[in-house]
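For reference, the chains in residue letters:
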Amino acid sequence: MRLNLKIWRQKGPKANGKMVDYTLNEVNPEMSFLEMMDVLNQQLVDEGDEPVAFDHDCREGICGMCSMFINGRAHGPMTGTTTCQLHMRHFNDGDTIVIEPWRASAFPVIKDLMVDRSAFDRVIQAGGYISVNTGSAPDANSLPIPKQNADMAFDAATCIGCGACVATCKNASAMLFVGAKVSQLSLLPQGQPEREERAIRMVEQMDKEGFGNCTNTGACEVECPKGISIENIARLNREYLRAKVVQK
Amino acid sequence: MSVLNSKIPAGPLADKWKNHKNSIRLVNPANKRSIDVIVVGTGLAGASAAASLAEMGYKVKAFCFQDSPRRAHSIAAQGGINAAKNYRNDGDSVHRLFYDTIKGGDYRSREANVHRLAEVSVNIIDQCVAQGVPFAREYGGLLDNRSFGGVQVSRTFYAKGQTGQQLLLGAYSALSRQVSAGQVKMYHRHEMLDVVMVDGKARGIIARNLVTGELERHSAHAVLLCTGGYGNVFFLSTNAMGSNVTATWKAHRKGAYFANPCFTQIHPTCIPVSGDYQSKLTLMSESLRNDGRIWVPQKQNDQRRPVDIPEEERDYYLERRYPAFGNLVPRDVASRAAKERCDAGYGVGQSKMAVYLDYASAIQRYGTLEANKMGESQPSVQRITELGTQVVASKYGNLFEMYAKITGDNPYETPMRIYPAVHYTMGGLWVDYNLMSNLPGLFVLGEANFSDHGANRLGASALMQGLADGYFVVPYTLGDYLADDIQTGNISTQHPAFDEAEGAVQEQISRIMNIKGSKSVDFFHKALGKIMWDKCGMARSEEGLKQAISEIQALRTEFYAQVRVPGSASEMNPELEKAIRVADFLELGELMCYDALNRNESCGGHFREEYQTEDGEALRDDTDFAYVAAWEYGQGNSPILHKEDLNFENVKPSTRSYK
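Taken in order, these protein sequences are the chains called A and B.
So the mapping is simple: this note's numbering equals the position in the first sequence, first residue as 1, plus 1031.
So the mapping is simple: this note's numbering equals the position in the second sequence, first residue as 1, plus 1.
Among these hints, one or two may not hold up.
As the list claims (entries may be wrong) - Computed cross-link-like contacts, DSSO-like style, restricted to lysine-lysine with a CA-CA straight-line distance of at most 30 Å: (1) A:Lys1042 / B:Lys374; (2) B:Lys517 / A:Lys1037; (3) B:Lys186 / A:Lys1042; (4) B:Lys374 / A:Lys1178; (5) A:Lys1037 / B:Lys520; (6) A:Lys1037 / B:Lys579; (7) B:Lys527 / B:Lys255; (8) B:Lys520 / B:Lys8; (9) A:Lys1045 / B:Lys186; (10) A:Lys1042 / B:Lys19; (11) B:Lys19 / B:Lys8; (12) A:Lys1037 / B:Lys527; (13) A:Lys1049 / B:Lys517; (14) A:Lys1239 / B:Lys60; (15) B:Lys520 / A:Lys1049; (16) A:Lys1049 / B:Lys579; (17) B:Lys517 / A:Lys1042; (18) B:Lys517 / A:Lys1045.
Just so you know, these hints were derived from the structure itself, not from any lab.
Work out the full structure, taking the sequences as your base and the hints as a guide.
Printed below as a string of structure tokens:
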């Protein structure tokens, strides 16, 4: 099939960017979206142009490196799908596809479709862990955890840190990302000793990075490729409030 | 006398590690504060090592080429992690895990290393649970297990089909804690392009800042390479797009020996290639073979839909050939059996290079069990299917979804089509028992080293090894080496060795940028991959390997005359990153062929067509080849072979039979 692409090109972090039009004539519906981008880049290299820079790595939907705002939606039109798992069979011959980077002031553009998401790392560094040194752990089965809690913690822990929630949110809020980590650890007995401090420190760091506030539109949950539930935001709010009360 | 000293401690096998730990030297806490350690790579091995060493007090600098340490490809491991916990009361033990791993590796790994791996496996699970890793649990709240290939116990711990993700995020959280404590300085979007040797010791690296293109010098008292495997030499593999051999290859060029490079693992259950545009292959976890059954039609070119082919016209070839292990034979055996059926003309799908992985009977079995549990007498077939589908979805849901997204088929209703693909590399830099390469101060952990999996890795053992090396081995053995460095003081990056290394990297980059040819990097990578897959893949022969060597040499010459890398070196330039990696793959591929040519036997993932039994099984030669082939880099086309003999004192190498 034949596609018209409108892609954000930006030479570097400080350069001005613009949308540029490209045409691809032979796109196979079985290709993944990123393989379609590979074909475009091959064409650009063959023509002596610079290929489009975009982040990607595992190409099986788990590393969280791929991003791309496709036709106004994070990771494109399919729900529960990362860009690398999106396939061209969901597009039609003659379609025009608009491709932009994640847009959020906390995620500055590095080049073209590549953004800097290190703010997420700094939020985790603020408290997204359990303080246990190597070698000091008790036997794994000495601590039974109700299956239901373990499953809920697992569901929260499946976040891949891609940033689709932030890119989708009109306020560029990171509440779903932060809520997922705070939930995972607060649902487990191992996470209890640092429960309050964790919630407070992660929220503080989130604010410091310039992420916006949550206004409960729920767009993040819809666009999350891993289906992280907005319940995690409710739990984050509860944890934060509880921490503030306990702290006083 | 071999130049290789494996430094295996004396004493009985089961006491070696304990005694070694008790006798090696330590670095006291105050002295640790003045010692720098560089860790390259932040997967399971790198993140766990960086976190553990930082907790102990060393000053750590960690590097990854991705935008965050959490993206390392360990994250994609699906099925699980082995540990000899014996929580099932099914007769598991450290000795059995050791024995299974030695046998699974087709008697081409070191007994002492493998036994240590089995010993520390139990600590890994404890550590991960304490970090908050949400493993699957039973209703009583205790940990659940499943089975993997090549073993007859259930010792695999898992978190749905996302075990690697959960383990890596656990290690990443421990690493993040140390970053915030100031004990680890994290360099993301940085790629190591050379190791710096000062007075015969590894004392630093040259790294390229991938955002600005600048070359940076970083010094330390020891360098740990935790940079994963080299499966991407085949272009198509289950590795991430960025996975590469560059860090270990640069170390090899500086003198580190590369061991058993031809030992590559072809994983039997991957989604088949669908076209020329294909950029990578996706694994369907080995855990699926717990419940799925593999078959092809008994008739060649059977055009019927798989669900329309009756039971008696199907060939469940693994169950037929290997009744004792059935669908759970080790990976090398399962892969070759699939290839054999497809080569014989029984393959399915458009390409005829695929077999079926069928869940219909598992769905029926689970559905019936579930109906019984719920007290439903005489449930309808539809009800059973519904209940069975729910159970299968709870165990393997994310894998089934992934399959559906990629192929457009619904695997709950029609069997998956699968075919073997390159997945893991058992070979890697040679290391001694302490995980140090032959270059003093250069340690190699995880998939990047060669030591534990022999000629074939068992499922759920890679995660185990990565974390064992990082959490429980190198924190001890590194101290023994660094005990000599407590008075060394800072290592200057102004030393001439840094000038020289940086100059060489700069020169290589300029050379590649200035070729300005007419062919893309991917063109060369794909061409190399095809040579490797056809001639150094699932089956190898003397003739094919010799052809491959001359083809790779010609391709390399063409690369340096014709490659085109657009843009400049002083900015984010993904094409340049790829070109540097492919240049190294073009050298590694040749070495792999030399190694495969040298090894005149078939063992594990290495199958030489000349050496097979009458019924097509691998024919190992313990008299002539029970050794590790450690290759020294040779200028020109002449790598130098060093042999480390493998001594089996506790298990007797026997013909591996899964019948």
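Checking one constraint from the list: CA of B:Lys527 to CA of B:Lys255, max 30 Å. Satisfied?
27 Å, holds
Does the alpha-carbon distance linking A:Lys1045 and B:Lys186 stay inside the 30 Å limit?
Between A:Lys1045 and B:Lys186 the Cα gap is close to 26 Å, so the pair holds against 30 Å.
Holds or violated: are the alpha carbons of B:Lys19 and B:Lys8 at most 30 Å from each other?
15 Å, holds
Given the hinted pair B:Lys517 and A:Lys1045, is their alpha-carbon gap at most 30 Å?
27 Å, holds
CA of A:Lys1239 to CA of B:Lys60, is that 30 Å or under?
This hinted pair holds, its Cα atoms lying about 27 Å apart.
Take the C-alpha atoms of A:Lys1037 and B:Lys527, compute the straight-line distance between them, and say whether it is at most 30 Å.
Within the cut-off at roughly 28 Å; holds.
Is the Cα-Cα distance between A:Lys1042 and B:Lys374 30 Å or less?
Violated. A:Lys1042 to B:Lys374 sits at ~62 Å, over the 30 Å cutoff.
Taking only the CA atoms, is the gap from A:Lys1042 to B:Lys19 under or equal to 30 Å?
56 Å, violated
Please verify whether A:Lys1037 and B:Lys579 have alpha carbons no more than 30 Å apart.
25 Å, holds
Sort out whether B:Lys517 lies within 30 Å of A:Lys1049, counting only the CA atoms.
27 Å, holds
Given pair status - A:Lys1042, B:Lys186, alpha carbons within 30 Å:
28 Å, holds
Given the proposed pairing of B:Lys520 with A:Lys1049, does the C-alpha separation stay at or below 30 Å?
28 Å, holds
Violation of the numbered hints given earlier is confined to hints 1, 8, 10; the remaining hints are satisfied by the structure.
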